[in-house]
Each structure stands twice: as C-alpha cells, then as structure tokens.
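2 protein chains.
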Amino acid sequence: MRRVSRSSIALGSAVGDKARARWGTEQKGDAMSRKALVEAARGDRQLDLIIRGGDLLNVYTGEVYAADIGIFGDRIAVVDQGQRYGLTGAVELDARGMIAIPGMIDTHVHIESTMVTPPNFARAVLPFGTTTVVIDPHEIANVSGQAGVEYMLRSSEGLPLRVYVTIPSSVPAVPEIETAGATFGPEAIAAMLAWPRVVGVAELMDYVGIVRQSPRTAAIAEAGLAHGQTLEGHAPLLGGRELAAYLAAGVDSDHEARDWPEIVEKLRAGMWIYCRENTFRRMASGLARALQAIPHPWNVAVCTDDIDPADLLDHGHIDRGVRVLIEQGVDPALAIRFATLNGAMRYGLHDLGAIAPGKLADIVLVDSLHDLRARVVLAGGQIVARDGALTNDLVDPVPPPLQNSVHIRPLTDDSFRMRRPGASGPQTLKILAINANRTTQLDEAQLSFANGELQLPLPEDLVLISVVPRHGQPHEPSLALLRGLGLREGAIATTVAHDSHNLIVAGRTPEDMRTAAQAVADMGGGAALVADGALLARVRLPVAGLMSAEPVPVVAAEVRAFNQRARELGLGGTSPVLAISSLALPVAPFFRITDLGVVNTLTQELVG
Amino acid sequence: MRRVSRSSIALGSAVGDKARARWGTEQKGDAMSRKALVEAARGDRQLDLIIRGGDLLNVYTGEVYAADIGIFGDRIAVVDQGQRYGLTGAVELDARGMIAIPGMIDTHVHIESTMVTPPNFARAVLPFGTTTVVIDPHEIANVSGQAGVEYMLRSSEGLPLRVYVTIPSSVPAVPEIETAGATFGPEAIAAMLAWPRVVGVAELMDYVGIVRQSPRTAAIAEAGLAHGQTLEGHAPLLGGRELAAYLAAGVDSDHEARDWPEIVEKLRAGMWIYCRENTFRRMASGLARALQAIPHPWNVAVCTDDIDPADLLDHGHIDRGVRVLIEQGVDPALAIRFATLNGAMRYGLHDLGAIAPGKLADIVLVDSLHDLRARVVLAGGQIVARDGALTNDLVDPVPPPLQNSVHIRPLTDDSFRMRRPGASGPQTLKILAINANRTTQLDEAQLSFANGELQLPLPEDLVLISVVPRHGQPHEPSLALLRGLGLREGAIATTVAHDSHNLIVAGRTPEDMRTAAQAVADMGGGAALVADGALLARVRLPVAGLMSAEPVPVVAAEVRAFNQRARELGLGGTSPVLAISSLALPVAPFFRITDLGVVNTLTQELVG
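Sequence order for the protein chains is A and B.
Quick note on numbering: this note's numbering labels position 13 of the first sequence as 13, and the sequence is numbered without any gaps.
Quick note on numbering: this note's numbering labels position 165 of the second sequence as 1165, and the sequence is numbered without any gaps.
Keep in mind the hints are simulated off the structure, nothing from the lab.
A couple of the hints might just be wrong.
What the hints assert, rightly or not - Sample of chain A residues lacking proximity to chain B, with all beta carbon distances greater than 12 Å (derived):
{"id": "1", "residue": "79"}
{"id": "2", "residue": "230"}
{"id": "3", "residue": "265"}
{"id": "4", "residue": "448"}
{"id": "5", "residue": "551"}
What the hints assert, rightly or not - Facing chain A, according to a computed beta carbon distance under 7 Å, are these residues of chain B, among others:
{"id": "6", "residue": "1042"}
{"id": "7", "residue": "1055"}
{"id": "8", "residue": "1058"}
{"id": "9", "residue": "1249"}
{"id": "10", "residue": "1299"}
To be verified - Simulated DEER-style distance windows between Cβ atoms:
{"id": "11", "chain 1": "A", "residue 1": "92", "chain 2": "B", "residue 2": "1329", "range": "39 to 45 Å"}
{"id": "12", "chain 1": "B", "residue 1": "1572", "chain 2": "A", "residue 2": "293", "range": "35 to 41 Å"}
{"id": "13", "chain 1": "B", "residue 1": "1082", "chain 2": "A", "residue 2": "331", "range": "54 to 60 Å"}
Values in this document were obtained by computation on a predicted structure and should not be read as measured data.
Idealized CB from N, CA, C, for every residue including glycine.
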C-alpha cells in the first residue's frame, strides 16, 4: 500500500492508494461488501434501488434498449434487459420515458476557473450529470504550491462528485520568463504523484520545453513516466515533426486543437483529443467535422478546461460539449461514449464510465439522447440531483483557506507611467497586439513622448498593460502597450492571471489602473473595473485570489454584473471579466506579458 | 519502486516494476534515451531505420494511407504521412506494396499448451506477427508452483517477444475435488502480483466459486483488486444473473463464450471478449455474427488460449483469428484494432498496440489486410522475421528446468481394474459420457461383473479412464468408465491433463493403460499411445511433464505422427494427442474425472 508519506497531510481514510483510486473508491471492509454485492447480483440479497421501466444506452455496444437497473450499495449489481428477472428492491425509481446513460466524466478541468471551491463546483456540476472530474489544480498551485494541491484534495474528499487529480507540471510554466507563488521541480512532482486519487501529470503547458527537452520540463515528464502515470498535454497548433517530438516524449493528450485538420492530425498521431467546449473555446464542431474523416474513432474524450460560473449555469457542463457533438451529426452513442467510457479508460478508472454489473452506480437519466438534460443524477447509487437541483445539500469537507494571498508592493500612479529616458516627440514603439483568433503578435505604434514620459491620452485603440508581482516578489510591475483589447476608458484588474496569477491590470490611464489594482489587492483577490476613479464592478475571489467561498449562483451574479459594465466600456469576449487573464500566459502563442516583461512564447525569451 | 522482494529471485535488470511494465520496457538511462528519441522525432538526430514507401493502417482512426515510419532505438519516432518530411535513416526497409500494422497482441495464452518453452514459443509466433503475449502459466504452476511461474518469467526475459504474465488463480482450480503439484492461496498470489511484468490475476476458472463467493476464490479476486490488477475470467455458458454476479465480483473478461447470443450478452454486460481461435475452439465466426448486432464494438480483443504445435505451424497464431474475423465480414481495421490497440488498452500497456510517435516499434508488414501474412516483423525496432522465418536466432535466457517432475506410485495392471465387491452378472453403472458439443454428462451403462470384477472386453463404445496422481500424492488412481471417446483399441496416456496435470490414461484394457502410463512416466512426461502392449507413438515433454526443450517443428513432428496413429485407433478431435487432456478439468461443464474421482463441476462435489 502506498500512503501519503508526510504525516502532516491527513488526506484521509476515504481515499486509498493509487491502485484503489483506479478501481474506484474501495474502502476497508471491501471484501465483505463485495461479497454482499455479488449476492445481490445473483439474487440472494435484496437490492437497494431499482431504476425501473426506462431505456439504457449501452456504451460498450452503442445500443439503446429497455432495461431495469439493480443497485446495491454504491454499485450496479445487475442490469435486467427486457425485465426478465423481475428485480425488486428497497426503493424504486420510475424511469419510464427516460434513458439511462453513465455519469459523465470531465477529463481536464481547472475548478478555479469557475471561481468557486471544489464543494461549490460539485454543487453546480452534479445537476448537469457530471459525476467525475479529473482536475488540474495548477491555478491554486501557482499561488500556494503543495498547500494548494492539498486543499483541492482535502476539500473534495467524500463528495458525491468523484475528483481525481493530475499534478500541475507548470508551476510556473516557464520559470525563466515569469515568477509565481511557488515552483514545482521534478522531485516535488514525483512526491505528489504518489498521493491518493492522483492519476497523471497535468498538462505539460511548456510544450516548447518538451519539444526542446529543456532539462526541467523533460525531468518532470520523466518523473511521470517513471510512476506509470499519464502525461497530459497542451499543444495548441503543434503539428508535424514537433507534434511527433511531443508524443515521443510521452505526452499523449491535447485539448487545445482548434480547426478540424489539426484535430485529425493529432488523432492520427495517437494523441487523445479531449473535446473542449467551454466559455472561451469551442472544439466540438471542429471535432464533429474531423470525425467525418475517421471511420472508427477511438481516442476521444470530453473536457471543459475552463468554464466561467455564469456560463456554467447557462449552458451546462460536459453535457454541453456532448450536445454540440450530437447536434453536429456525431452518433449520440459515440458522443456519450467519449464523455463516459473513454474518459474512464484514458485514466484507467476501471469502475467508472458504464452501466454494467460491478461498476460504480454513477448514472444519469435523460429525456432524450439529443437534448441530454439530466432529469435524475445518481452518484454512487444515491440520487443526488433532480431536474437541475441537488436533492440534498453537500457537506463541505474543510473550510476554504488561503484568504490572504495577495502580497504586492505599494502602488503609485507612477507604477503605470511609461518612461523612455530622454525621449521626446513621436516615437515608434513595439507593442503587443491581439489578433482576431486571440493569438497575439508584436506590432508597432507611433506614440508621443515628452521629457521621457509617454503622453496621454493614448490613441483610441491602445491601452497600458502591466503585471504586478503579487506573490511578494521584490521587483516592480512590468509595463507595455497593447492594441486590440477594446477598452475605451477606465481600467480592469484581476488576480486571475494565467497561470502565475500575479495581478494583471490594463487601462487607459495610470490612475485608473492603480485604483483597479489596489481594489483587487484590498479584496484579497478578484477582479475590479474602474472608470474615472470610481469602482464600477467587482468580483470578490478571496480564496487564493482565484475563488470565492460562495456558491456558483452568487459568484455568477457578480460576474454577470461585472461583464455588463465591462461591455459598456468596450471589453469583449464571452466573459469580459477574464478579458486580460490570458495575456500573462507565456505558453500561448505568440507574445505575452509576465511580471518580468513582454515575452516571446515560442523562443521563451524576454523581448527587450 | 516496487522490486521483487525475494533476493533468491533474480528476475532481472531488463524488467522493471509494474509501472515500467505498463509503459513498456524502459530501462536505466531512460531519460537520456528519451531525449535522443525526441531529438530524432523532431529531426535533430539521425533515425536508425526508415520503413519507406508502404501504407499504414492507423488503428486509432481506422484509416489506411501511405506513410513512411521513422524509428529510433526501440521506438517509433515519427510517422510521415504522404512523405512530407523526407525522412532519412541509417537503414532503410523497402515497404512498397506492403501495409504496416502494429505487432499483434495475444491477450491470453498458455504457452505450455504448445508444448515448448517460452524461447521456442517466441521463435514460432514472431514470424506470424505476434509481438506481445499475456501468458497464464497455470499449467506449469499446477506442477511446480511459484518455481514454475519464475521459470516462465526468467525464460522470457529479454526476448523480442514481449511476455507479460497473469498470476494463476486456479492452482488448483478447485482444491476440494482435485490435487495438483502446488496450491496458491490468496497470500501467495498477492506476493506474485508485485512481480515485474505482472499485469493481472489469470483466469478465475472457478467461476462457480466466484459466483458463490467461496472464501478462497473470493479472497484471490480481492487480492487482485487490492493490487489494481485486472481479474481475468473463464465463464463458459455463464449468463443471466450468474454472469452479473461474476462481473460484480470484478472479473471482467472471458474467452470461453461459444455461440453469438452468449457473446452479445457478455459484451453488453461490459465483459471483455477475447476472441479465441485455436486448435480446439473457434470463436471468430460467432463473434463476427455477434458484431452484426452491435453498432460500435469496443470491448473485444483476440487470444489463442491453447494452440498445439502442429496447428500453430499450419494455421498461424493471432493472425489466424483476425483472418477469420475479416473473412466473416468484420472490417479489417476493427479486427486488427481488436488484436492490437484493444489488447494493449485492456492491460494498460500504453506503449504498445499502435504505430505512432513514442510507441514501441513493434510492427508487422503484410501484403494485404485480408490475407494478413506477415512479410516482415519488427520488434523493438529490430527486424526479427521475414517471410515466415526468424532473421536471427534468439538466445535462450536460461536452460529448461524441472526435468524430473513425474512422481507416481508403482503401477500394476490391477491399478486400472474396476471392482465392485460382491458384484456378479449384469450391473447398471453410472458412467461419464462425452456430448457432441464436448461437454460431458453422467450416463448409465449395462456392464457385466464376475467375482466383483468388471469383465472384458468392454462394450464397443466404452473405455476405462483413470487419473494417476503424479505429484507424489499418496492415494491410488481414480477410475471410471467413459463413453464417446472413440478409442477402439489400446490406450492413451498423458501428463497434459488440465489443469492439475496429473497423469491421465484411457484405454480398452488395464494392461495397455498400465503400459501407456508407465511409458509416460519413464519419459518424465508427455504422451504415449499403446496397443497390444506395444508403444505406437509418443510425444516427449520432459519440462514439467508439459513442454519439450525442442523447438516447435520438432515437437510438431512428434505430435503429427502421434495424431496419425491415434486416429487409426479411433481417437478424434483436431489434435488426438490431447483427446483426454480436458477430461480432468473440474471447471468445464458438467462432469469430469480428477485424481480424486468423478466430479460434478457445477456443484463442485465428488460423485459417489
């Protein structure tokens, strides 16, 4: 038995070693409960629950047929196709007119992106039929290191939502060009790979480092392989021999592919494609197009990656991606297999992903395989949600920690004033520019200086952008000019600043930038929108500066209000509160700004 | 790192812990070789071998297209669809006119059934394109316990054939009604599950004990689940709630299903079906029929289980089953996926089963996906066979042991004389009878006794059958009458007597039975055919009484000669040398004879 070796980590009795993680949630006394399950399956012990009168989608075969389902404890004991056995049980659930599908599996999600804690995330996604998630807690890890990963494990323990963990590989993604609140080297990652419920090394975002075999990144990958863990990928636009190199390094999944030819190339290369459908990216229609070229798809699963709280309430969770695949012509039996059995297979979670004897009883009853709205959701044999609402509230395993994580040096308006010693008159400056497809480029702009200081107001399409170190780093904020954000006045600031989660701020004036940044710092993290010195909207995220302690509807309301005001100031995108959050991400093409300055993300160098 | 804990077992450097087993054959210095592989993949280091000008079957997508394959070391570095990269390498292999498919995987095989040692088995199957086998060494384990399992590991170490091991669960299958040369309890099995290259608990043949949850068998299953290992099944004719019970116990594969409705029921229940096509059983046509009912097959792999040496040479190995599936209408892309990627997935062998960057370079070049004859076979990037022959001979890792394993008490003609104290004249006796479908029943026969002794000659359709304890047990041989064997004269004896491998002998006269049994004992094991006191044919199997130290063609020649003589005496079946070998198997329906007497295999009781 592998155990957590640090006695200070009480990760608990309800989670076992990796072998047990992969076989579900077996606990002490398993042999006895297994015997009782077998007795119930063969008819010598009363079943606890019968799901009667409905149809079943068999994800092994792709068939739909009438079947009663007999549950004992937390597992499926027997499936009675055609009602041959006359099952009886202590409780009956009327499933007439409904179809049972397996509980859905999200193969890659950052809970922090929904701005809530794991229990509140579970409260929100269970009613949509998601019963298992594989999380990458790399947002909180970049803020608070191992303590953050431990919190995500502890706070998800015993929830009806099964939470498996991949260990963040990119804390930070590229230490040479950014600083975060923590740094994970190969040894730290190897130690965490032995923790319970850990099923992989999380997305190796430094895909350039993998292809180049930079020593740190290669050593992290090797630590994962040595533990027999999957290496999760992140490889936007990677193709050709660089894609081969990435796969040769042992990284074999991706959720970043964009157009269908990229998806086809990656599927052919043996890479698992996690169909990502979320607030910011839509892969399902591209995947559906790709599947038209593929006679027998195999290596496909479904994930959400990042989903904002309002969007989650409005559009659903994994069901959303599956729905789009089906709308786009993918056979529902295949689309649902991707979101269930395939996800389980990918991570070796043998007890999940199907409705069959011996499997854990995670089941969703839907009215239609096309609509896929969850009418009843069962997790571990218990009814946890009906018609979009939890049937009983959950218990939070631990209170949210890390409520004091924003540590910045004192700000002044000067912090965001751009200077070029000696410059006067018009100057040609290199600036950042956002492209239509959300990649970024270096561009140039003509700007006026006086006495070495950039003159305001800025031209209409430009803003200042800065990353303020918020993990107690001793250096000053970085500062650059940005075209294409859309902000016409005021400033926006947030500690949701992928992935190092410093404090990023963009604005038309240094004064509003300072006000917005200070407001975020004063809240202990979150987002603030300011114009003419006034705070127009805010989202409070005091848990590690990333999450609220409130439930999704409360956070969603703040986000909606924020987004409405932000749109009025010209910010676009599906969730304007996050309009600048990815501009600090040094593993997204092609130029970004970190706390250390503007970086070329392909060469992984600071731009002078 | 898990290591073999007994210092007396030098299972060696070339095999790692389980994690490494699942990720292929990584060795010390992996990180360095991984770096070189990545460099070769991206084009910064010369490739070792190019397979140029051929087509490729992509098992992920089901497509066939032109592609060059670049190999570095033992892995595939890059696949060049449409020759875009202009790959160059130290060696080139001309694949024009050929199609590359992944090396095939046998998900369940008893090497002992081919009557050769692992190196000789590898010599025979590699030319057919099988590059990985998952063995169940339960024949040798029933003779010599852990030492037998160790021998199978040691003797397969470093071979180009990748040999993974499942730990025999049925040593013996039902200890209450048979005795073998060893007994494995749950503790012994748990210890062996930690050995290198171990990927599961081998077929739980005592399916009755699983369904009933008999303490020993349930504890063996639980040991496997606690180790996160697959539990392999053996469940002929099991259906309905008993099948549910078997699956609920965690056993989720089967290679014994017979007709297509049984196959469909098991696939629907989530059971892996290993399509078994061998000397004795043919599942492929039934599976092909079953697949007509299944829109999207998933849980299917291919195995051989038991294949006799002559049959292997004549008809091939895993390619044979795949060929039949294709002949019966299964899409070649799916049939080959079953025999490659699916087998790898079933056991979590992530580095096997596909031709893609990073995978181990086990590749078969065939002329046609329908014919599937292996023209060139590569294992770990090395060409190991061409046109049906090895390109270089292999090295036997260790000499064959256990050449003195037949320990019987002195035999006399009286050993096989049937007595009923006091009986005289015609008597009605219960006898064993072989049914047309190879199951067995109890039947009755009228036989004449004088002075308490059965009178000879026996009626035409009857023989005497006996199981002689050969593991040093202190008891006398069992003895019964059998109808339906076909033997018209003489006797046949063999130490291949599933699965306890005592010495089974059947004959028309006690004298010939004694002569045959003694001949087998004198050879140290094997099979003997006797008539009128003369030895007509023999197969010498001195290694544990199950295997020869000679290569397959030598053993096949002995088997062919034996079979020809045996047919002349009336013995039928595809391999008459094994005509009585399964009659001692107490987990086959419905009545068998063990060393303890006639047993009812459903109630697991001795018949009076």
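A quick look at each hint next to the structure:
For residue 79/A, the condition that its CB be more than 12 Å from all CB atoms of chain B is violated, with the nearest at approximately 7 Å. Not every CB of chain B lies more than 12 Å from the CB of residue 230/A, the least distance being 8 Å, so the non-interface label is violated. At roughly 8 Å from the closest C-beta of chain B, the C-beta of residue 265/A falls inside 12 Å, breaking its exclusion from the interface. At roughly 46 Å from the closest C-beta of chain B, the C-beta of residue 448/A stays outside 12 Å, upholding its exclusion from the interface.
The Cβ of residue 551/A lies farther than 12 Å from every Cβ of chain B, with a closest approach of about 36 Å, so its non-interface assignment holds. For the restraint placing residue 1042/B at the interface with chain A, the shortest Cβ-Cβ distance is roughly 4 Å, inside the 7 Å limit, so the hint holds. Checking residue 1055/B against chain A by beta carbon gives a least distance of about 13 Å; that is not within 7 Å, so the hint is violated. Look at residue 1058/B: its Cβ gets to within about 5 Å of chain A, closer than 7 Å, so that hint holds up.
Hint status for residue 1249/B relative to chain A: holds, with the closest Cβ pair at about 5 Å, below 7 Å. Interface hint status for residue 1299/B: upheld, as the beta-carbon distance to the closest one in chain A is roughly 5 Å, under 7 Å. About 42 Å separates the C-beta atoms of residue 92/A and residue 1329/B, a value consistent with the hinted range of 39 to 45 Å. Between residue 1572/B and residue 293/A, the C-beta spacing of about 51 Å breaks the proposed range 35 to 41 Å.
At about 29 Å, the beta-carbon gap between residue 1082/B and residue 331/A misses the expected band of 54 to 60 Å.
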